[in-house]
Amino acid sequence: VSLPSDRADAELVSKAAGGDEAAFAALVRRHERRVYNLAYRMLGREEDARDATQDVFLSCYRRLPSFRGEAAFTTWLHRVTVNAAYDILRRRRGTVLGQDELPEPPPEPDHADRASASVDVQRALMRVPVEYRSAVVLHDIQGMAYEDVAVILNIPIGTVKSRIHRGRVALGRALGSGSEPPVDPATDPGTPERIRGEHSDTRSPSKTELP
Amino acid sequence: MSGAKDPNEDRAPVGEPEDAHGEHPDELLAAYADGSASAYEVAQVEAHLATCSHCVDDVVVAQGAIRALGSLPELPSPWVDAAAITVHGRGSEDAHPHVSLPSITDRRKRRNRTLAAAVGLAAAAGLVAVILLAGQGGPGGGASTAGATAPEAAGAPVVSKQALDRLTAALAGSNGSARGVLSAGSSGESAEPARDAPLPASPTIAPGAEQAVSCTRAASGQPDSAVVIYAAQATFQGQRVWVIGFVASPSSGGAPRVAVVATTVDGCAVVYDARQALAG
Numbered sequence: 435v436s437l438p439s440d441r442a443d444a445e446l447v448s449k450a451a452g453g454d455e456a457a458f459a460a461l462v463r464r465h466e467r468r469v470y471n472l473a474y475r476m477l478g479r480e481e482d483a484r485d486a487t488q489d490v491f492l493s494c495y496r497r498l499p500s501f502r503g504e505a506a507f508t509t510w511l512h513r514v515t516v517n518a519a520y521d522i523l524r525r526r527r528g529t530v531l532g533q534d535e536l537p538e539p540p541p542e543p544d545h546a547d548r549a550s551a552s553v554d555v556q557r558a559l560m561r562v563p564v565e566y567r568s569a570v571v572l573h574d575i576q577g578m579a580y581e582d583v584a585v586i587l588n589i590p591i592g593t594v595k596s597r598i599h600r601g602r603v604a605l606g607r608a609l610g611s612g613s614e615p616p617v618d619p620a621t622d623p624g625t626p627e628r629i630r631g632e633h634s635d636t637r638s639p640s641k642t643e644l645p
Numbered sequence: 010m011s012g013a014k015d016p017n018e019d020r021a022p023v024g025e026p027e028d029a030h031g032e033h034p035d036e037l038l039a040a041y042a043d044g045s046a047s048a049y050e051v052a053q054v055e056a057h058l059a060t061c062s063h064c065v066d067d068v069v070v071a072q073g074a075i076r077a078l079g080s081l082p083e084l085p086s087p088w089v090d091a092a093a094i095t096v097h098g099r100g101s102e103d104a105h106p107h108v109s110l111p112s113i114t115d116r117r118k119r120r121n122r123t124l125a126a127a128v129g130l131a132a133a134a135g136l137v138a139v140i141l142l143a144g145q146g147g148p149g150g151g152a153s154t155a156g157a158t159a160p161e162a163a164g165a166p167v168v169s170k171q172a173l174d175r176l177t178a179a180l181a182g183s184n185g186s187a188r189g190v191l192s193a194g195s196s197g198e199s200a201e202p203a204r205d206a207p208l209p210a211s212p213t214i215a216p217g218a219e220q221a222v223s224c225t226r227a228a229s230g231q232p233d234s235a236v237v238i239y240a241a242q243a244t245f246q247g248q249r250v251w252v253i254g255f256v257a258s259p260s261s262g263g264a265p266r267v268a269v270v271a272t273t274v275d276g277c278a279v280v281y282d283a284r285q286a287l288a289g
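Top line first, the protein sequences correspond to chains Z and U.
With the working numbering as the guide, the letters of the first sequence map in order to residues 435 to 645.
With the working numbering as the guide, the letters of the second sequence map in order to residues 10 to 289.
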């Protein structure tokens, strides 16, 4: 997975923050697919992923003027996306989803068996506890380095690695175990709190946090 | 549960037996399973694996998961409407992005001239709308007093289909009386009309309107980019309804259009749906 270059992003961010709407549109075009893929893998539903993607770019647009470029734009954008997904999962909590409505098959032309295999993987992913899922999706699907995942999730790198290992194990076991419900509500640890450091999500962001 | 400050960070979450991981080098196993471990780490892990069948199993399972994840296709671009975001994004931080209720102040800041002008014109026409609605014999009394307060205070005026047609025309700015009131209520035909106009679609919109807007948007197939310019309750054909006005720019380009949709308060059934191009 290739990441858009940080330098080109910085230039677009600076222009967009100054009111250049074409520059903002270019930023959206460069990143929307990654944002959407991350949201979809976290949420398992196309409609939710679209909502999350829209929320992300709306937040992004509003916060551009306060983005100081201390961290890569992609890193910041991934954090905003994870938080948008958490928000949707939190809203969804309490509504226990039926097995048959989760997830939708991804909207893509594919061989039937391959498509069905990826639905199985996505379904199993939805059974992985959310905190593990975000780390696994960022690293194993989005191709972020362990160090970047640590920055995005605002946790130590050792924690990132533990979560990824446990998340993979949970996923592998879910893949092998057939059709259990997505997450047992009785033991579901719930959706994590938002990651601090989206600037306006927290009233007093610390200096070490991303804008 | 999350954040760097949680002292229980490295514990398994509720529902996962802690002893399953207590003594095992999960951090090293992650890099070992995906082949990114250093030679030193590999040696450490293999020394552990020699004595721990639990971790051997986990590594095999984790590697299966990595292969499965690697087989997932990248989904196509969702084609976000960036232009709609730049229009909506000037609004309040608190507004739900899918229920855009532009305020006068926000409108002033808005850069997109066409849509700003459209919304301004139509919002000014909202003055006419209130008069039209109140003039249909609602319990609120005369137009001059009922129109000056929130529509709830005037009850839910009984409206006919013709009244809604006139509302649509007024919001689209295409009827003479709308223009007359527009110029009377503002200093000329600017995009900054009648700030004191008693707009029922003002940001102080009644609780419940957001949900009504949201279901009406879905029920009538308005695009996400459609801006809400009007929301009021009325009684139509014997039912309590929400009357919602939208302005949307067609994605194919062309002039913005106004849509006025009435949906029942109970059940959000569409009972009226009219669309009209926004006049100059």
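What the hints contain is simulated information worked out from the structure, not anything from laboratory work.
The beta-carbon is built from N, C-alpha and C at its ideal position, and this holds for glycine as well.
Accuracy of the hints is not assured; some may be wrong.
Computed from the model, here is a short list of chain U residues facing chain Z with C-beta under 10 Å [stated by the list, open to error]:
#1 Ile75
#2 Glu83
#3 Val167
#4 Ser169
#5 Gln171
#6 Ala172
Now the in silico label distances, taken between C-beta atoms and shown as ranges [as the list claims (entries may be wrong)]:
#7 U:Pro82 - Z:Arg525: 25 to 33 Å
#8 U:Ser45 - Z:Asp454: 50 to 58 Å
#9 Z:Arg441 - U:Ala52: 20 to 28 Å
#10 U:Ala59 - Z:Ser448: 51 to 59 Å
#11 U:Gly79 - Z:Gly624: 49 to 57 Å
#12 Z:Ala444 - U:Gln171: 32 to 40 Å
Each hint tested on the structure:
1. Of the supplied interface hints, the one on U:Ile75 holds, with its beta-carbon coming within about 6 Å of a beta-carbon of chain Z, less than 10 Å.
2. Because the smallest distance between the Cβ of U:Glu83 and any Cβ of chain Z comes to about 6 Å, under 10 Å, the interface hint for this residue holds.
3. Checking U:Val167 against chain Z: minimum C-beta separation of about 37 Å lies over 10 Å; hint violated.
4. For U:Ser169, the interface hint is violated, the least distance from its beta-carbon to any beta-carbon of chain Z being 37 Å, above 10 Å.
5. Residue-level restraint check for U:Gln171 is violated (minimum Cβ-Cβ distance to chain Z is 37 Å; threshold 10 Å).
6. For the restraint placing U:Ala172 at the interface with chain Z, the shortest Cβ-Cβ distance is roughly 35 Å, beyond the 10 Å limit, so the hint is violated.
7. Range check, U:Pro82 to Z:Arg525: Cβ separation about 27 Å, and the 25 to 33 Å hint holds.
8. Checked against the hint of 50 to 58 Å, the pair U:Ser45 and Z:Asp454 fails, with Cβ atoms roughly 40 Å apart.
9. Look at Z:Arg441 against U:Ala52: about 39 Å separates their beta carbons, and that is not inside 20 to 28 Å.
10. Between U:Ala59 and Z:Ser448, the C-beta spacing of about 55 Å keeps the proposed range 51 to 59 Å intact.
11. Taking 49 to 57 Å as the suggested C-beta distance range, the pair U:Gly79 and Z:Gly624 does not conform, at roughly 29 Å.
12. Against the hinted window of 32 to 40 Å, the Cβ-Cβ separation of Z:Ala444 and U:Gln171 comes to about 57 Å, which falls outside the hint.
Hint compliance for this structure: hints 3, 4, 5, 6, 8, 9, 11, 12 are broken, all remaining hints hold.
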